[in-house]
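Using the sequences and the hints, build the whole thing.
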Amino acid sequence: MAAAICQRIALSHSARLATPVARKPYLSPVPTRVERKITDSGPVDNFETDNITCNNGGNVPHNVYATVTAGSTVTFQWDQWGSSHSGPVIDYIAKCPNNDCSNFKGNSGTVWVKLQQSGWDKTKSPAWGSDQLAANGAKWTLKVPDLAPGKYILRHEIIGLHVAGTAYGAQCYPHCVQIDLKGSGSKSLPAGVALPGAYKATDPGLLTQLWWFSPSNTTASYTPPGGPVKSI
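Numbering (the numbering used here), first residue to last: 1231 to 1462.
By construction, these hints were calculated from the structure, which means they are not laboratory data.
Ideal Cβ placement from N, Cα and C applies to all residues, glycine included.
Wrong hints could be hidden among the right ones.
Taking CB as the label site, the calculated pair distances span [as the list claims (entries may be wrong)]: (1) Thr1297 / Ser1446: 42 to 50 Å; (2) Gly1395 / Gly1339: 27 to 35 Å; (3) Ala1378 / Lys1354: 27 to 35 Å; (4) Lys1417 / Ser1446: 41 to 49 Å; (5) Ser1332 / Asp1270: 18 to 26 Å; (6) Asn1329 / Glu1278: 29 to 37 Å; (7) Gly1339 / Ser1313: 30 to 38 Å; (8) Pro1420 / Gly1301: 13 to 21 Å; (9) Thr1448 / Thr1262: 45 to 53 Å; (10) Asp1376 / Ala1450: 29 to 37 Å; (11) Ala1421 / Gly1287: 23 to 31 Å; (12) Thr1303 / Ser1461: 17 to 25 Å; (13) Trp1441 / Ala1378: 43 to 51 Å.
Simulated crosslink set (BS3-like; lysine-lysine; CA at most 25 Å straight-line) [unchecked claim]: (14) Lys1460 / Lys1344; (15) Lys1412 / Lys1335; (16) Lys1381 / Lys1417; (17) Lys1460 / Lys1325; (18) Lys1344 / Lys1373; (19) Lys1381 / Lys1460.
Take a look at the structure:
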């Protein structure tokens, strides 16, 4: 089992801590974080449950936000990622109803819109999205689309497929970050997918064998779970 957390969110103008507050329960006062807190650094035990939304114990809404400008980039800095835990990196976004994330869990309805993903591409070196993240100092950058201003949740996730040969073996590490999006954009989000709901035990993107994916295997292909990237 891997153990990794997203430690810091780097914005175009500043950086915000993302270390989950549940990791430091002894601190007083409890530090504020833009990420929804999680209970540990391990993966989601069952990706068909509510824990897949924002990680184990991580779906606790609050009213702390990172200010992000539409069209800018957000960089997720992890503490580490092992190269043996290869798999996809996926980014989603959800709009908080009534411009308020403090009462929004996002665990029902097709609210999660996939912004980008990097699965397995044998023309790249390294081929897996997670290995690209590891090679880049455990960092991953997302460009936020030119959406209408408001409150949103970014959901950044790595999925380790090293023990995905059996049902529920895939290890999902989602992190949810609340943002206050600024700018003059006017675009709205299309329908997305439900989390839980979009990930199933029989999904070939979650039930697979890493050894199958090699540059010499001309028949190998991989599609990450959660549907296609949406055009915004």
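Status of the hints after comparison with the structure:
1. Thr1297 / Ser1446: 42 to 50 Å: holds (47 Å)
2. Gly1395 / Gly1339: 27 to 35 Å: Since Gly1395 and Gly1339 have Cβ atoms about 32 Å apart, the given range 27 to 35 Å holds.
3. Ala1378 / Lys1354: 27 to 35 Å: 34 Å Cβ-Cβ, so the 27 to 35 Å window holds.
4. Lys1417 / Ser1446: 41 to 49 Å: holds (42 Å)
5. Ser1332 / Asp1270: 18 to 26 Å: Given about 24 Å between the Cβ atoms, the range holds.
6. Asn1329 / Glu1278: 29 to 37 Å: Distance hint for Asn1329, Glu1278 holds at roughly 31 Å.
7. Gly1339 / Ser1313: 30 to 38 Å: holds (36 Å)
8. Pro1420 / Gly1301: 13 to 21 Å: holds (18 Å)
9. Thr1448 / Thr1262: 45 to 53 Å: Between Thr1448 and Thr1262, where Cβ atoms are some 51 Å apart, the hint holds.
10. Asp1376 / Ala1450: 29 to 37 Å: Since Asp1376 and Ala1450 have Cβ atoms about 36 Å apart, the given range 29 to 37 Å holds.
11. Ala1421 / Gly1287: 23 to 31 Å: holds (28 Å)
12. Thr1303 / Ser1461: 17 to 25 Å: Given about 19 Å between the Cβ atoms, the range holds.
13. Trp1441 / Ala1378: 43 to 51 Å: The hinted range 43 to 51 Å holds for Trp1441 and Ala1378, with Cβ atoms some 45 Å apart.
14. Lys1460 / Lys1344: Measuring from Cα to Cα gives roughly 6 Å; hence the hint holds.
15. Lys1412 / Lys1335: Holds, because 22 Å separates the two Cα atoms, which is no more than 25 Å.
16. Lys1381 / Lys1417: Distance ~14 Å between Lys1381 and Lys1417 Cα, so the pair holds.
17. Lys1460 / Lys1325: Holds - the C-alpha atoms of Lys1325 and Lys1460 are around 14 Å apart, at most 25 Å.
18. Lys1344 / Lys1373: holds (12 Å)
19. Lys1381 / Lys1460: Judged against 25 Å, a Cα distance of about 19 Å means the pair holds.
Of the numbered hints stated above, none is contradicted by the structure.
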